[in-house]
Amino acid sequence: MANDREVLREIWDGKLPICFQLDQEEIMEIQQPDPFYVMVPRLSYFPLVTDKMKRHFLRYISQENADNEMWIDYNGQPLKWHYPIGFLYDLYCGHDPQLPWTLTIHFSKFPEDVLLHCPNKDVVEAHYMCTVKEADVLKHRGQVMSTMQKKDHNQLWLGLQNDKFDQFWAINRRLMESHGDNEGFKHIPIRIYTDDGSYSQKLVNPKNADGSRKILQQMLQELYPDKPDVKLRTHGIEIPTDTPLQWLSEHMSYPDNFLHLCVC
Amino acid sequence: MDGGDWRNSIINQLHVRNRRETAAFQDIVAFQSRLFDNVNTLKNENLQLTLQNERIRFSGADSIQPGGSGGSNEKIQALEQKILAQQEELTSLHRRRGESSQQIINLNDRVHELEKQVTMKDVTISENAALLASLRAEIQMYETNMAELQTLNQVIRDEHQALQIAFAALEEKLRKIQDENRTLVERLIKYKAKDADKMNEENENFVKSSPTAFLINTLGRVSFGKKGEKVRKELEEACREGGSRSSSGSGGNVTVDDIGQKILESIPYYATTLPTKVALRFDAHDGEVNAVRWSPTDRIVATGGADRKVKLWDVSKLGTCDCKGTLVGSNAGVMSVDFDSTGAYLVAASNDFASRVWTVQDQRLKVRFYAHFSLMRRAVRPADCLIPDIANGINFQVMVFVHIASIPRDLQLDFMNYNGQHPIPISQYLP
Chain F
1 MANDREVLRE IWDGKLPICF QLDQEEIMEI QQPDPFYVMV PRLSYFPLVT DKMKRHFLRY
61 ISQENADNEM WIDYNGQPLK WHYPIGFLYD LYCGHDPQLP WTLTIHFSKF PEDVLLHCPN
121 KDVVEAHYMC TVKEADVLKH RGQVMSTMQK KDHNQLWLGL QNDKFDQFWA INRRLMESHG
181 DNEGFKHIPI RIYTDDGSYS QKLVNPKNAD GSRKILQQML QELYPDKPDV KLRTHGIEIP
241 TDTPLQWLSE HMSYPDNFLH LCVC
Chain W
1 MDGGDWRNSI INQLHVRNRR ETAAFQDIVA FQSRLFDNVN TLKNENLQLT LQNERIRFSG
61 ADSIQPGGSG GSNEKIQALE QKILAQQEEL TSLHRRRGES SQQIINLNDR VHELEKQVTM
121 KDVTISENAA LLASLRAEIQ MYETNMAELQ TLNQVIRDEH QALQIAFAAL EEKLRKIQDE
181 NRTLVERLIK YKAKDADKMN EENENFVKSS PTAFLINTLG RVSFGKKGEK VRKELEEACR
241 EGGSRSSSGS GGNVTVDDIG QKILESIPYY ATTLPTKVAL RFDAHDGEVN AVRWSPTDRI
301 VATGGADRKV KLWDVSKLGT CDCKGTLVGS NAGVMSVDFD STGAYLVAAS NDFASRVWTV
361 QDQRLKVRFY AHFSLMRRAV RPADCLIPDI ANGINFQVMV FVHIASIPRD LQLDFMNYNG
421 QHPIPISQYL P
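Residue numbers (the UniProt record's numbering), protein chains in the order written: chain F, 1 to 264; chain W, 1 to 431.
The shape of chain F in the complex, shown without the other chains:
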């Protein structure tokens, strides 16, 4: 059970200062646009927080690009909107923190081969719900999500979208509960990313063969037998290797119920 509210709250309250800047090539006005500073929740997604910023920059681009889809890059690397913002920061800036995080806004030359299109927030919601279901399948064979009603799904999404901790966790708690006779999940939904953005997703059991709780160290030894000192980062912190996987999944998963871990 995810009952360590202090940890959950700390994670939920984590925010990142971001400085958005318009790509120099797309500025059509004589006056240089001011950079747009904003504090965004780490757990949120870019399409949910860029409305105001987009309105601000639309005034400075040519009319023919105004209807194009906006995309964001960091140091020439397009940022995938379907990952949580905090994870993206950990992935690209985790080992070299730069605050505020300076990102560049583009309205043209959409990188079709890298990014998914995101015409509106419904797409984000659909993707989010898909990921939650996937995680639930891994954890409870999909039983929790399928028993939930539509309004529960809505509450889950609205809680995340509106940054309402209690609203979100009222539903999410049920997803974090263990079912059946044994304690813990069937598998841990976990994705481990490398620096180049590729990730590996493997079936990880929260318990060892002897029934004891599996800790991170043991999992790493299973996954990376030839690398003794692999360190993993998530939510801007380095995870102690002796943390149990079950607790880790219950408390430090992103709202999509996955553990997004970066190899540092």
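Don't read these hints as lab results, they were simulated from the structure. Check before you lean on any hint, since a few could be wrong.
Stated by the list, open to error - Cut-off 30 Å, straight-line C-alpha distance, at most; resulting in silico cross-link-like pairs (BS3-like, lysine-lysine):
(1) F:Lys186 <-> F:Lys150
(2) F:Lys52 <-> W:Lys43
(3) F:Lys54 <-> W:Lys43
Unchecked claim - Just a sample of chain W residues kept apart from chain F, beta carbon distances all over 10 Å, derived:
(4) Arg7
(5) Arg17
(6) Ala30
(7) Gln81
(8) Gly98
(9) Leu188
(10) Lys190
(11) Ala284
(12) Arg293
(13) Pro296
(14) Thr297
Being a predicted model, the structure only gives us computed values, none of them experimental. C-beta atoms are modelled at their ideal positions from N, C-alpha and C, and glycine is treated no differently.
Given chain F, put chain W in place with the hints provided.
Frame of chain F; chain W shown alone:
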């Protein structure tokens, strides 16, 4: 919970993280965003104010700025006066427009009137053109008439000249005849005187020879002695006068006749019957009657006179004479008249060197021809004419006797063939 070091480590790291990432920037970003919003709102406000300002300025430019006090009042008054003046001008312009429209109506009326006049004039012009054409035709006609008349005039002049020549010849002849006559009279008087002398001588001889004769002579002398001497005297006077006068007084002639009584008795006697009783007498012409001819078929008499006319007389009823018609056309006295054998045509020869043919029935001049064109110039006039033959009613031959003045007493016989239009001489005879 059963948290060990790992949990504390996580909590600490999260705290550190939040302090580093969130707390450090929370306020400043919030402040920045507030400033940003402020700037935006101020910008919007500024824009709105600018717009409002513009609008106010615009409307201010439109309407008269209030609050100009005295100066603007004067301006207003001036403008009002101007407006008044403009309105007056407008009304005057309206009035003038009305006047000019009236003028336009009047002018339109006049234009209509003038158009009507023009059409009327067109009509008269066309009428005049027609009249002109007819007059031209008339002129043409008259010109042809005049040409005909001129040729006729030429002919008449030629005739006149010929007549003049004929007249001169006649005068010459008359003079000669008079001379001849005078000499003859003189000779006659001489002979008469001689006769008288011879008779006187014989009487004296008779008286001397026989006593009875002597007695008678004495008686005669007693009774007629004085008278005889008187007669002798008168005779001598007459002889004297005879030189100057061709004819003497009747008394003288009678005396001579009486004296020549015995001479006449000695001449042989010729018995002749003369018409004594006039059956019908009528005045035919104004002048002399030159020609008379009976119609071969009807009891009609044709007469030709010096009054240039040929007249037809119906003498069928005894004791009366009706003028059936007058054939005119001759330019001089008619000298000869004749009918053709059927009595349908009549030809008359005139002193104007022409012969003319009329129809008896409708008394129309059918043809006129001059006797001989080449001779006519040399003063030819027809003496007599007759129509011996008629062939087919149209072609007929006319015999014309032509007297050639230059060769007196000669006659030329001319056969003319008439076939409708012009007579063609077919033969000439010189007797």
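Quick rundown of the hints versus the structure:
no.: 1; hint: F:Lys186 <-> F:Lys150; verdict: 25 Å, holds
no.: 2; hint: F:Lys52 <-> W:Lys43; verdict: 16 Å, holds
no.: 3; hint: F:Lys54 <-> W:Lys43; verdict: 18 Å, holds
no.: 4; hint: Arg7; verdict: 7 Å, violated
no.: 5; hint: Arg17; verdict: 4 Å, violated
no.: 6; hint: Ala30; verdict: 7 Å, violated
no.: 7; hint: Gln81; verdict: 52 Å, holds
no.: 8; hint: Gly98; verdict: 60 Å, holds
no.: 9; hint: Leu188; verdict: 165 Å, holds
no.: 10; hint: Lys190; verdict: 170 Å, holds
no.: 11; hint: Ala284; verdict: 138 Å, holds
no.: 12; hint: Arg293; verdict: 138 Å, holds
no.: 13; hint: Pro296; verdict: 137 Å, holds
no.: 14; hint: Thr297; verdict: 135 Å, holds
Consistency note: the structure conflicts with the earlier hints numbered 4, 5, 6.
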